[in-house]
Amino acid sequence: MSDILNGLNPQQKEAVMHTEGPLLILAGAGSGKTRVLTHRIAYLIENGFAEPEDILALTFTNKAAKEMKERAASLTGKAADKMLITTFHSACVRFLKNRMMLLGYKRGNFVIYDTDEQKKIIRTIFEETGFQGRYPDIRVYDVISFISKQKEKMLGPDELESIYPDYPLITVYKEYERILKKNNALDFDDLLWKTVQLFENYPHILHSYQEQFKYIMVDEYQDTNLVQFKIISMLADKYQNLCVVGDDDQSIYSFRGADIRNILEFEKEFQNTKVIKLEENYRSTKNILSAANAVISHNQERKEKKLWTQGEEGNKLRTITLPDATTEAKFIVSEIERMHNREKADYKDFAILYRTNAQSRLFEQCLTMKDIPYRLVGALSFFERKEVKDMLAYLRVLINPDDDFGLERIINVPRRGIGAVTIKKLKEYAFRNNRSLYDAACSADEILSKTAADKLKGFAAMLRKMTEESKYQTADMTIKMILHETDFFADYPQKSEELEERTENVYELINMATDYSRKTNHEGAEAIEGFLTESALTSGIDSLKDDEDGVVLMTLHGSKGLEFPHVFMAGMEENTFPGYRAINSTDPAAMEEERRLCYVGITRARKTLTLTSAAQRMNYGKTYAMEVSRFIDEIPRDLVDHMAVRW
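Anchor point for the sequence shown: position 403 equals 403 in the UniProt record's numbering, and the numbering is continuous, going up by one each time.
Please note: incorrect hints may appear among the correct ones.
Pairs of lysine-lysine, DSS-like flavour, derived with a Cα cap of 25 Å [said to hold, decoys possible]:
hint	residue 1	residue 2
1	LYS389	LYS465
2	LYS277	LYS306
3	LYS306	LYS286
4	LYS305	LYS607
Note that these hints are calculated values from the structure, not bench results.
All chains should be modelled from the sequences, with the hints used to inform the complete structure.
What follows is the structure, encoded as structure tokens:
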């Protein structure tokens, strides 16, 4: 026991040793929350309070889940293999697996549609119904956002229709749901909401999980939405051994549905909650923490806490206003170059943080001109690349021939001479007869000319052959088979850079599938389905590798959970940060969230923090005079060195 408690501060020990009843750990930035969670797991097991399989720990990213599992394994050994330490979405996939027929689906299993597939569905609905002709101002993204928000509130189209009978988006929502079900597909919001439906409609399934998971832990609780809160509440209802860790001061995802009330009102929802504050910071200097505390203290809706450290006072924060955005970018890049040369700091020790993705362009240009390596986090991710999506679509169709959107994506990959008119006739036939595109392709003789029908029948026969062969293959073997059988890269010029890059990406997918195969020993549909699920649930932030050298460029939202020795926060101006929407909002919560975002940015810095602003900035082709951000004014003057402009 002493080993588990060694090195913990008094508050961390108290949290680790709390074993019964609800526990709210308010963990400030850099306060060692993952350490507390993993040591608590080890404490529960070593002292006989729980068996490894009694533990459910939920996180928001694969990276966080992997880190927690590795740390738990270092403390408990092989016992960690029996715990379920995973993301919310991955846990829900497990709960739903082989059970979708209970919710009215054709098959027990399902495919997961990402944003690209969602867009295709909405565009299809627009085309088939003439929706955009009637409502030209409503964009595809607006519909996806609307549907996501309704699912987060657990509202289906029928319920909405009874409340708002004439609201146009409800008809699109209804058709969207019909198409998903026809394709035996779920979107990411469905993974959570369908789990709630499963638990509500089949109490015995919920009861079995309540019995299994006697101790539940949730990381980053401030980021949970209503559906996640519901799932947690249902699972923890029997034993009430729910431990949530979070920081209301880092709640920055309301646009994704996160509800700060979940953490602010936790004690109301769960009676007899023990509250422990972790305020000792192990990351930043005293000056950086004092600045963070000063800024966040201007918020009203928060739980009182104050970060402190036993570490050094450190350098003062630096602020500087440059003449314009271009000069701001040049200044930051020259400072990075200077510190790299004089202080021998690696480029990966530097992060440039900004409010919106569009701000990255000038930094990219300046870094490129100076020949300084950089990593743009949040750009096109591996799984968004065309050749990767094409290969994953092949895999989806092999295990689910009803996946019309997957089949339409690959029908001409590589080009088979199946024209747009042929595909249109195929879709119309499938729609009229309530059949899948695959079924329609198999019946091509009834629909098309002999030439077109032969091409489609050849394509369908190839899919049947590959489906049969894949039954005895691991996921990586299946991808290699698809490459060979389809002549996958036939459309790209031989010996071209494009071919080389796309080949490398598919080979990287094979590497991932090989790793998956080694972990699971799955074959056939189970192997493909498991690999597809793992691929679909991989989040963008997981692509930031620690061993790559290069200045990190990312949004403030993307930086949460990360830390860097040297941080530059750019664009610290009114209407840039805080943004104009928050400034003009009548809801004080909007500005409070912007301030929390500033707090997150400040607390990413370990050693130095520089805040830059531009005296004027171009927007939509016009140049505007800018005012320094109120957040800079909220930092006490004695913590700041105001640098003179030398540009």
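The hints, checked one at a time:
Between LYS389 and LYS465 the alpha-carbon distance is near 21 Å, which keeps this suggested pair within the 25 Å criterion. For the hint linking LYS277 to LYS306, the alpha-carbon distance of about 9 Å falls within 25 Å, and the restraint holds. Using a Cα cut-off of 25 Å, the hinted pair LYS306 and LYS286 holds, with the two alpha carbons roughly 12 Å apart. At most 25 Å may separate the alpha-carbon atoms for a hinted pair to count; LYS305 and LYS607 meet this at roughly 22 Å.
The structure meets every hint from the earlier list without exception.
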